[in-house]
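Enquirer: Sequences and hints are given; from them, build the entire structure.
Residue numbers (our numbering), protein chains in the order written: chain A, 902 to 1057; chain B, 37 to 472; chain C, 434 to 688.
Hints are not guaranteed to be accurate.
[What the hints assert, rightly or not] Taking lysine-lysine and the BS3-like style, the derived pairs with C-alpha atoms no more than 27 Å apart in a straight line are: (1) C:Lys482 <-> A:Lys958; (2) A:Lys958 <-> C:Lys525; (3) C:Lys544 <-> C:Lys675; (4) A:Lys1036 <-> C:Lys544; (5) C:Lys629 <-> A:Lys1018; (6) B:Lys216 <-> B:Lys97; (7) C:Lys545 <-> C:Lys525; (8) C:Lys525 <-> A:Lys1018; (9) C:Lys482 <-> A:Lys1018; (10) C:Lys675 <-> C:Lys658; (11) C:Lys658 <-> C:Lys629; (12) C:Lys525 <-> C:Lys544; (13) C:Lys629 <-> C:Lys685; (14) C:Lys544 <-> B:Lys345; (15) C:Lys518 <-> B:Lys345; (16) C:Lys685 <-> B:Lys241; (17) B:Lys241 <-> C:Lys675; (18) C:Lys685 <-> B:Lys345; (19) C:Lys518 <-> C:Lys545; (20) A:Lys1018 <-> C:Lys675; (21) C:Lys544 <-> A:Lys953; (22) C:Lys545 <-> C:Lys675; (23) C:Lys675 <-> B:Lys345; (24) A:Lys1001 <-> C:Lys629; (25) B:Lys315 <-> B:Lys216; (26) C:Lys525 <-> C:Lys658; (27) A:Lys1018 <-> C:Lys685; (28) C:Lys515 <-> C:Lys545; (29) B:Lys216 <-> B:Lys99.
No lab work stands behind these hints: they were computed from the structure. In this text the structure is predicted, and so the values were computed from the model without any measurement.
Residues per chain are reported as follows:
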Amino acid sequence: MKRHVWRPLFVVIGLVIFILLVRLWYVPDDFGVQERGYTYGYHRLSNEQEWKNYPAKYRDRGYCADCHVENSESISMSPHAVIPCQNCHGPALNHPDDPKGLSIDRSRDLCLRCHSKLIMPSSGRNDIPGIDPAKHNVGIECSECHNPHNPSLEDM
Amino acid sequence: MVEQLAQVVVHGQAWTVKDLFVLPNEYVYWSIQIVLYPYMTGLVAGAFVLSSLYHVFGVEKLKEIARFALVFSFALLPVAMLPLMLHLMQPMRGINVLMTPHFTSAISAFGIVFLAYTCIVAAEIWFVYREFIVSSVVRLGAKSDRSFYENTLFFIYKLISLGAMDVSPEALKADHKAIKILAGLGIPVASFLHGYAGFIFGSVKANALWMTPLMPVIFICSAIVSGIALCIVCYYVFMELRKWAAKRGKNYFLPDAIAHGSSAVDYEHLRSVQEHEVKMTSKYLLIFMTLALTLEILDMIFRGYTAVKSWDILRNVLLERDFTNIFVLQYGVGNFLPFIMLLIPGVTVRRAALASMLVLFGVFMMRWNVVIGGQAFSLTFHGFMDYSMPIIPRDIESFKEGLGGALLVGIAPFVIFYFLNMIFPAFMVDKEEAPH
Amino acid sequence: MKRRDFLKSTAVFISGAAVSLSSLELLDPQEVLAANPDLRWGFLVDTYKCVGFCVKACKIENDIPLEADVTRTWVERYVITKDGKVNMDSPKGALNGYTSKLIDQNESGMKKIPDADITQAFFVPKLCNQCSNPVCVQVCPVGATYQTADGVVLVDRTWCIGCGYCIMGCPYGVRFFHPVANVADKCTFCYHRISKGDNTACAQACPFGARRVGNLRDPNDPVAKAVLDQRIGVLRDEYGTKPNAYYIGLSKEVH
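Expert: Next up, the structure:
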């Protein structure tokens, strides 16, 4: 065969070499096969650490109790003791530095998530005391009558 | 940062309509661009196979359309990539597919197979047109007062000649041998390029409609059907244009006329070539259509007969919600009607072209019904999703995944083909035998 | 391991190759896990206890815009009536919990079910199963999503091209496009929290202990214990993904 027929092949080889060179420069050094093998573990290793460093918004319960002794004690005597502080008070973030104060969710809808009466025979939700939101003091925030930290009716 | 009350529209929400129980993260994530992607690769593969019928199997009757199909396939190639780029949320990172391919994914092969295929088609065109390139270099080089056009062309031809100026009979013989090898090599690669597009869908086990090993085979068959049909339609339309130009002497807008001053436009010759080629090609269209149709129907019967857990929702989608799309538009208008049109004896050029146009529509509907239909039901099997294509774009996203993006992809190959024709005249007639 | 080392050094040797030779090394996941036996994260859900409270905490913790209709975790409601009909909904993924008796049927509107007709009703929280054979990772074309040695599937936000194949591949529908980052996103079991010894945001927000993250390799871990001692189920095991979120009280209606 005449030798000119190989010329397109040389172009292709040049292209492949070019791509390989680009690849050397483009792909991060720690990209490769990690513990989980090629199928499940082919990735940039430092990304694992990046995810570990993702900033947390919520703190654990002790974080609140460290300062707010009185409030955390008052709620611990009530049926609401199971509810984590930040569910209503919002994520602590770096409180008290940033933000200085947290905005409390006092909305009726928040209470209704548990206390709107739903018929749920095979769920624990059925056992929570509930009201019909269309009939029970419509338009008023629950906290106007019920103290969220001590919601039982006797103390109202 | 914590409280963001402004409505954030997530990707897919603008065109997805949910009904009954659909999971919160479920949307029609793969929309019109992913319909067009297999459609376009299918056209590429089909056009190439058509050209190979002549080059490899020596089907002499397809000689004229083969060269056209080859150049057209090359024009379609970059457009096969376009829908993917338009679809990606991070188009600038598309290169990652080539940089860190993860071969357990069907999509990862795209970069490599696509590049390999481009190289094969480009090389084949180089061999087919080498004699022409050399003669152009010689012709333009001899000219002392070259216009801007001619200067540009001269430069391009010099570059793509790769310095191979040998046009001796032995060299041309070597070219022919190379063409045959490349065309032969191209068929499996073209089939792979498209078969794996089918694999992308067929291997999604989470999707009850897509998951079938028949998917790649169905895709290849319908690819060849659509590619051949597109070649027939375009060959017909382009030849009509050239005939029109030849009759009135208005060939100044033809790309090869612009590039090379004269182009072989002789009315009678064009008419006979067109008639012969279109009729011959439609016979091959019929063969591949039978194959594609058989497999698709087989798949559907099999699903109904085995009736596994997903069949309840699939039956609902196939026989009720998407009935018009599947049975009326795809099978009726897009398959059976052209099938009968081609079977009735005494096929005329016009009828063949019209039938091919319907076939093209049918294959498009098939892609639509697979891609959109596969997302028409929820993973829970208890809800449905509809894709309402954005017609008037409100932002870049609804342009890309709507009518605008679709039109862009539809028009692009013709624009590329027009300019490609200036360099590689697809309707060129070999000198020694022209005109009959 | 010898073979692996050999392949690795060979891969380094021809590191210029676009297709690194390590791609030929299809390791058995079990074999890899055996090499790292100490930690494998898993999740335990008690469907009897769930009231649908956790979603907001998850979205805030992981910076998923609250109003965006995608979520890393969500809660589904199942209401089964006397005629055997199963009614399901998950409005906004239960971001605002369930306060209404009406069932959200999307385009078909709200469905009212008479109290007397209800035979069973319960909530089922959903989150990423961190499968032992994660389809989403298998189908990622660029290696942007992966599984860590301790079993959590993560997404590299700097490498994801946004093709959506992982979203399509996941049989559980836990993946979505993050509306701000514009890449695929999913539940990470709050990887930043659990790897520092904290609880996940969702588990911490649940007042009733319906959700629990734990180490499946530690025989004293409550989650691992429950998986051993109790009758538990997993979701859609027919896909062969080997999910690692275990459900107490899973019902046949839950798919």
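Enquirer: Indicate, hint by hint, whether the structure satisfies it.
Expert: Tested hints:
1. A hinted pair counts as satisfied when its Cα atoms are at most 27 Å apart, and C:Lys482 with A:Lys958 qualifies at roughly 25 Å.
2. Using a Cα cut-off of 27 Å, the hinted pair A:Lys958 and C:Lys525 holds, with the two alpha carbons roughly 22 Å apart.
3. Simply put, C:Lys544 and C:Lys675 have alpha-carbon atoms about 35 Å apart, too far for the 27 Å limit, and the pair is violated.
4. Distance check on the hinted pair: A:Lys1036 and C:Lys544 sit about 20 Å apart at the alpha-carbon level, within 27 Å; holds.
5. With a C-alpha separation of about 39 Å, the suggested pairing of C:Lys629 with A:Lys1018 is violated against the 27 Å cut-off.
6. As the CA atoms of B:Lys216 and B:Lys97 are separated by approximately 17 Å, the hinted pair is consistent with the 27 Å bound.
7. Restraint check for C:Lys545 and C:Lys525: satisfied, since their Cα atoms lie roughly 18 Å apart, inside the 27 Å limit.
8. Of the supplied pair hints, the one linking C:Lys525 and A:Lys1018 holds, its CA atoms being roughly 20 Å apart against a limit of 27 Å.
9. Between C:Lys482 and A:Lys1018 the CA atoms are separated by roughly 16 Å; this keeps the pair inside 27 Å, and the hint holds.
10. A threshold of 27 Å between alpha carbons decides the hint, and for C:Lys675 with C:Lys658 the separation of about 18 Å falls inside it, so the pair holds.
11. With a C-alpha separation of about 22 Å, the suggested pair C:Lys658 and C:Lys629 falls inside the 27 Å cut-off, and the hint holds.
12. Taking the CA atoms of C:Lys525 and C:Lys544, the gap is about 16 Å. The hint holds against a cut of 27 Å.
13. Among the hinted pairs, C:Lys629 with C:Lys685 is inconsistent with the structure: their alpha-carbon atoms are about 36 Å apart, more than 27 Å.
14. Only pairs whose Cα atoms come within 27 Å are accepted, and C:Lys544 paired with B:Lys345 is accepted, the gap being roughly 26 Å.
15. A threshold of 27 Å between alpha carbons decides the hint, and for C:Lys518 with B:Lys345 the separation of about 17 Å falls inside it, so the pair holds.
16. Proposed proximity of C:Lys685 and B:Lys241 is supported: the alpha carbons are some 21 Å apart, at most 27 Å.
17. In summary, the hint linking B:Lys241 to C:Lys675 is supported, as the alpha carbons are separated by about 14 Å, within the 27 Å threshold.
18. The straight-line distance between the Cα atoms of C:Lys685 and B:Lys345 is roughly 13 Å, inside the 27 Å bound, and the hint therefore holds.
19. Distance check on the hinted pair: C:Lys518 and C:Lys545 sit about 13 Å apart at the alpha-carbon level, within 27 Å; holds.
20. For the hint linking A:Lys1018 to C:Lys675, the alpha-carbon distance of about 37 Å lies beyond 27 Å, and the restraint is violated.
21. Taking the CA atoms of C:Lys544 and A:Lys953, the gap is near 43 Å; set against the 27 Å cutoff, the hint is violated.
22. With a C-alpha separation of about 37 Å, the suggested pairing of C:Lys545 with C:Lys675 is violated against the 27 Å cut-off.
23. Taking the CA atoms of C:Lys675 and B:Lys345, the gap is about 20 Å. The hint holds against a cut of 27 Å.
24. A C-alpha spacing of about 25 Å is found between A:Lys1001 and C:Lys629, which places the hinted pair at or below 27 Å, so the restraint holds.
25. A C-alpha spacing of about 24 Å is found between B:Lys315 and B:Lys216, which places the hinted pair at or below 27 Å, so the restraint holds.
26. With a C-alpha separation of about 33 Å, the suggested pair C:Lys525 and C:Lys658 falls outside the 27 Å cut-off, and the hint is violated.
27. For a cut-off of 27 Å, the pair hint linking A:Lys1018 to C:Lys685 stands: about 26 Å separates their Cα positions.
28. Simply put, C:Lys515 and C:Lys545 have alpha-carbon atoms about 14 Å apart, close enough for the 27 Å limit, and the pair holds.
29. For a cut-off of 27 Å, the pair hint linking B:Lys216 to B:Lys99 stands: about 14 Å separates their Cα positions.
Comparing the model with each earlier hint shows violations of hints 3, 5, 13, 20, 21, 22 and 26; every other hint is respected.
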